[in-house]
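**Q** For reference, the chains in residue letters:
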Amino acid sequence: MTRALWTHLVKDLRIEWRSREAVNSMLFFALLVVVLFSLSFDPQGAFSRDIAGGVLCVATMFASVSALNQAWAREIRHQVLDAQRMAPTPGADMFLAKVLANFLFVTVVQVVLAPVFVVMYNLRILGDAWKLALVLPFGTWALVANGTFFAALSIRSRNRELLLPLILFPIFMPALLAMVLATGSILTGDSDPSLWIKLLFGYDIIFTTVSLLLFEIVLHAE
Amino acid sequence: MKNSTPALLVLLFAVILVAVAYLWGSHGLAQMDISAQLNHKFLVAAYVLTWTIQFGYVLRLFIKWRSQKRVAARMDRDGR
Amino acid sequence: MPANPPASARSTLCARFDQVSKLFGSFAALRHVSVDMESGRCYVLLGENGAGKSTLLRILAGLLHPSLGTVRVFGDSEPQKARTRIGYMSHAPMLYDELTAQENLRYFRNLYPGRACLTPAEALRQVGLDPDLDRTLGQYSQGMRQRTSLARVLLPVPELLLLDEPFSNMDIESARQMVALLAGFRQTNRTIVITTHQRDLAAPIADWILTLHAGRVASFEPGSPATTGLDRRGDEPGRPAR
Amino acid sequence: MKRIAIGLYAAATVALLVWGYYQAIFVAPDEATMHEVQRIFYYHVPSAMSAFLFFAVSLVGSIGFLASRRNYPEHAQRFDAWALAGAEVGVVFCSVVLVTGPIWGRRAWGIWWTWDARLTTTLILWLIYVSYLLLRRFAAGPQVQTLAAVLGIFGAIDVPIVYMANRWWRTQHPAPVFFGGPDSGIKDPRMLAAFGWNVLAWIAWGVLILGIRYYVERQSQKALAREALEALNQV
Numbered sequence: 068m069t070r071a072l073w074t075h076l077v078k079d080l081r082i083e084w085r086s087r088e089a090v091n092s093m094l095f096f097a098l099l100v101v102v103l104f105s106l107s108f109d110p111q112g113a114f115s116r117d118i119a120g121g122v123l124c125v126a127t128m129f130a131s132v133s134a135l136n137q138a139w140a141r142e143i144r145h146q147v148l149d150a151q152r153m154a155p156t157p158g159a160d161m162f163l164a165k166v167l168a169n170f171l172f173v174t175v176v177q178v179v180l181a182p183v184f185v186v187m188y189n190l191r192i193l194g195d196a197w198k199l200a201l202v203l204p205f206g207t208w209a210l211v212a213n214g215t216f217f218a219a220l221s222i223r224s225r226n227r228e229l230l231l232p233l234i235l236f237p238i239f240m241p242a243l244l245a246m247v248l249a250t251g252s253i254l255t256g257d258s259d260p261s262l263w264i265k266l267l268f269g270y271d272i273i274f275t276t277v278s279l280l281l282f283e284i285v286l287h288a289e
Numbered sequence: 334m335k336n337s338t339p340a341l342l343v344l345l346f347a348v349i350l351v352a353v354a355y356l357w358g359s360h361g362l363a364q365m366d367i368s369a370q371l372n373h374k375f376l377v378a379a380y381v382l383t384w385t386i387q388f389g390y391v392l393r394l395f396i397k398w399r400s401q402k403r404v405a406a407r408m409d410r411d412g413r
Numbered sequence: 015m016p017a018n019p020p021a022s023a024r025s026t027l028c029a030r031f032d033q034v035s036k037l038f039g040s041f042a043a044l045r046h047v048s049v050d051m052e053s054g055r056c057y058v059l060l061g062e063n064g065a066g067k068s069t070l071l072r073i074l075a076g077l078l079h080p081s082l083g084t085v086r087v088f089g090d091s092e093p094q095k096a097r098t099r100i101g102y103m104s105h106a107p108m109l110y111d112e113l114t115a116q117e118n119l120r121y122f123r124n125l126y127p128g129r130a131c132l133t134p135a136e137a138l139r140q141v142g143l144d145p146d147l148d149r150t151l152g153q154y155s156q157g158m159r160q161r162t163s164l165a166r167v168l169l170p171v172p173e174l175l176l177l178d179e180p181f182s183n184m185d186i187e188s189a190r191q192m193v194a195l196l197a198g199f200r201q202t203n204r205t206i207v208i209t210t211h212q213r214d215l216a217a218p219i220a221d222w223i224l225t226l227h228a229g230r231v232a233s234f235e236p237g238s239p240a241t242t243g244l245d246r247r248g249d250e251p252g253r254p255a256r
Numbered sequence: 002m003k004r005i006a007i008g009l010y011a012a013a014t015v016a017l018l019v020w021g022y023y024q025a026i027f028v029a030p031d032e033a034t035m036h037e038v039q040r041i042f043y044y045h046v047p048s049a050m051s052a053f054l055f056f057a058v059s060l061v062g063s064i065g066f067l068a069s070r071r072n073y074p075e076h077a078q079r080f081d082a083w084a085l086a087g088a089e090v091g092v093v094f095c096s097v098v099l100v101t102g103p104i105w106g107r108r109a110w111g112i113w114w115t116w117d118a119r120l121t122t123t124l125i126l127w128l129i130y131v132s133y134l135l136l137r138r139f140a141a142g143p144q145v146q147t148l149a150a151v152l153g154i155f156g157a158i159d160v161p162i163v164y165m166a167n168r169w170w171r172t173q174h175p176a177p178v179f180f181g182g183p184d185s186g187i188k189d190p191r192m193l194a195a196f197g198w199n200v201l202a203w204i205a206w207g208v209l210i211l212g213i214r215y216y217v218e219r220q221s222q223k224a225l226a227r228e229a230l231e232a233l234n235q236v
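Chains F, E, D and Z are the protein sequences, given in the same order.
Positions in the first sequence are counted from 1; adding 67 to them yields the working numbering.
Positions in the second sequence are counted from 1; adding 333 to them yields the working numbering.
Positions in the third sequence are counted from 1; adding 14 to them yields the working numbering.
Positions in the fourth sequence are counted from 1; adding 1 to them yields the working numbering.
Because the hints were derived from the structure by calculation, they are not lab data.
We treat Cβ as the ideally placed atom computed from N, Cα and C, and that holds for glycine.
Please note that a few of the clues may not be correct.
As the list claims (entries may be wrong) - Using 30 Å as the maximum straight-line C-alpha spacing, the simulated DSS-like pairs for lysine-lysine come out as follows:
id, chain 1, residue 1, chain 2, residue 2
1, Z, K3, E, K374
2, F, K198, F, K265
3, E, K374, Z, K223
4, E, K397, Z, K223
5, E, K402, Z, K3
6, Z, K223, Z, K3
To be verified - Facing chain Z, from chain F, some residues (calculated, C-beta under 8 Å):
id, residue
7, L99
8, V100
9, L220
10, R223
11, R225
12, N226
13, I234
14, P237
15, M240
16, P241
17, V277
18, L279
19, L281
20, E283
21, L286
22, A288
When you get a sec, could you build the whole thing from the sequences and use the hints?
**A** Structure follows, in structure tokens:
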């Protein structure tokens, strides 16, 4: 971990600690989605297990969009981004720090949400529960890495809040599919999720690498 | 001559539609069993839709091109 | 067209604009600007809103690319490479509201690894702020924020200072203090470029006053920096291009 | 001269399409299990191949733009026009694939749509490139080209995932025509001929509209450049 990366990360965490904007709004939003889904589908028994994975993933996805936009809006607000662009440290560090910070925030949200979720959907996990500890971080990383990248990309345009989900969701869809199916197969215990976990892992590697390579271009686009 | 290109395209499209219609009729739908009839209709639908999408797009392109030329001509006039 | 006549032989060139234009879509922010800037001088850019002052500054900072023409900063045709040696202050504070002044400055200092920087406390004292003030920037007054922003610019000890409307939110007294501070920098052979619409404030340190109008250089006249305590290094300052 | 060549090419393309149509409907034999509806295949698969081809053009354009935008702005504009044209024409072909697919599926499988891997990923591919076009429309200014090029590269990375999906994930979709294992591929030579002609015809057609789209985009770039130049020299 380079010093610049650490500097950016500490700064992001400190600001979030002072304002708690991202985590609070994400938590509330994710909770709303979970409640809305359970109201509209009335999940019970086996059916709740079938859809629970999907609901959890989609809830996190929607919730994180607002936080991701926030993350860059904060840099734009007082033109801090210009000062960062003038510094001689690589943009990739800034990107990675933001991904790490957002990853942490989303994970916090998931950890808080999980018990609520288990209670509201009356869940009993039939598969290997420990595999969830692989699926959720991999999936979250895929979401956050791409989301941070595309938020940086869309923040420079008009309609910025609208644009992020429009370009993020299609790219994220393969990972979402893998995440939902893996979670589902762990909850129901019907099938082996390892193929999906591998897919998620591959997706993470590929897209994180490409994001790191291309971030400099997005950062200095004018 | 250039201004007639969209019209030509529409004409071409119409010719293709006629050809398809001919195919539709000439196949002797009446003698087919219900499944073959359906197969035939689905095939025709797929082909017509393919052509509609492709020609629709080209038509849109030509319309865009023409409006562009009009704008360019106006700029020429204003420039002088 | 090359800038002429060349800057006086004894001093070095800090920045050279050669026929620079900047277009935003079909809006021309700068048109065919050719300017030479010498090291150790203070240039004041005047002009109404939208005249292209900020654009010129941002191009110097390497934050914008000219659409046409070339810019050389410290002899390098890509200002990006010279970024480390440039300090840029825009009218926004370029700092985080949620952090204290010290935290902000420490953060930015860490982004300049391997460069001899001021400590945050030193920088804050230079701009006349109390380094031990334990308040987040969101609770600062506009003028204090402006000073903190200047402290951020001074951290990496830049050789070229770009200040966009530095006096805009300041009362006369603080503005005077800032001018005195800048006058000190001018003596350490640093180049300063200031945009402002308060001509009187900047006049005491201006070697050259550049007026922009609708993206063009409308006039380029020598200023009359107060000579008391300021060294004009004897000879006549280099003449600018056109 | 150039105009005549383009005219000849357009005429040849249309002739090819008519010939391909004739081959597909009248020459190729009925397929044993799916009968007539299988002939959709002659449009469906060439369209899919063309879509991939034009997305590849878009990728090359995007990379070329990013590589040349600083030092060769004129080249960069060309690359950008190719990237846009490729994406747009690719979306048109991809739409054809997505429309003809379900029509065939309804007869062959009894359902319009299934959330099978290959279908889903084709749909995702379509969505990605539509979002690319949306980005180009929403955002304004010179930075759009850069941002769009970046998104174009991201989109292209999904293409191999789409292609490999067929083998990674269980699928209902017929095995690919090429490289699909020993049982795949077309056996009847007349079917193969009809298929080949249609591939040729659709790619030729695609190249034609790609060229037109490129030309239109270049014209609008030139108009913008002219506008900018006028603004620059205005007193």
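**Q** Confirm or reject each hint.
**A** Results for each hint:
A threshold of 30 Å between alpha carbons decides the hint, and for K3 of chain Z with K374 of chain E the separation of about 42 Å lies outside it, so the pair is violated. About 12 Å separates the Cα atoms of K198 of chain F and K265 of chain F, which keeps this hinted pair within 30 Å; it holds. Distance check on the hinted pair: K374 of chain E and K223 of chain Z sit about 47 Å apart at the alpha-carbon level, beyond 30 Å; violated. For a cut-off of 30 Å, the pair hint linking K397 of chain E to K223 of chain Z stands: about 15 Å separates their Cα positions.
At most 30 Å may separate the alpha-carbon atoms for a hinted pair to count; K402 of chain E and K3 of chain Z meet this at roughly 20 Å. For the hint linking K223 of chain Z to K3 of chain Z, the alpha-carbon distance of about 20 Å falls within 30 Å, and the restraint holds. Hint on L99 of chain F is violated. Least Cβ distance to chain Z is approximately 25 Å, over the 8 Å limit. Among the interface hints, the one on V100 of chain F is violated; its C-beta lies about 21 Å from the nearest C-beta in chain Z, farther than the 8 Å criterion.
Taken as an interface hint, L220 of chain F checks out: its beta carbon lies about 5 Å from the nearest beta carbon of chain Z, inside 8 Å. At about 6 Å, the closest approach between the beta carbon of R223 of chain F and any beta carbon in chain Z falls short of 8 Å, and the interface hint on this residue holds. Hint status for R225 of chain F: holds, given a least beta-carbon distance of 6 Å to chain Z, under 8 Å. The closest approach between the C-beta of N226 of chain F and any C-beta of chain Z is roughly 5 Å, which is under the 8 Å cut-off, so the hint is satisfied.
For the restraint placing I234 of chain F at the interface with chain Z, the shortest Cβ-Cβ distance is roughly 5 Å, inside the 8 Å limit, so the hint holds. For P237 of chain F, the shortest C-beta to C-beta distance to chain Z is roughly 4 Å, which falls under 8 Å, so the interface hint holds. A distance limit of 8 Å between C-beta atoms decides the matter here; for M240 of chain F the minimum to chain Z is near 5 Å, and the interface restraint holds. A cut of 8 Å between beta carbons decides the hint on P241 of chain F: the least distance to chain Z is about 6 Å, and the hint holds.
With a cut of 8 Å, the hint placing V277 of chain F at the interface with chain Z holds, because the nearest CB-to-CB distance is about 6 Å. A least Cβ separation of about 13 Å between L279 of chain F and chain Z goes past the 8 Å threshold, and the interface hint is therefore violated. Among the interface hints, the one on L281 of chain F holds; its C-beta lies about 5 Å from the nearest C-beta in chain Z, closer than the 8 Å criterion. For E283 of chain F, the interface hint is violated, the least distance from its beta-carbon to any beta-carbon of chain Z being 10 Å, above 8 Å.
For L286 of chain F, the shortest C-beta to C-beta distance to chain Z is roughly 11 Å, which exceeds 8 Å, and the interface hint is violated. Nearest Cβ of chain Z to the Cβ of A288 of chain F: about 4 Å, under the 8 Å cut. The hint holds.
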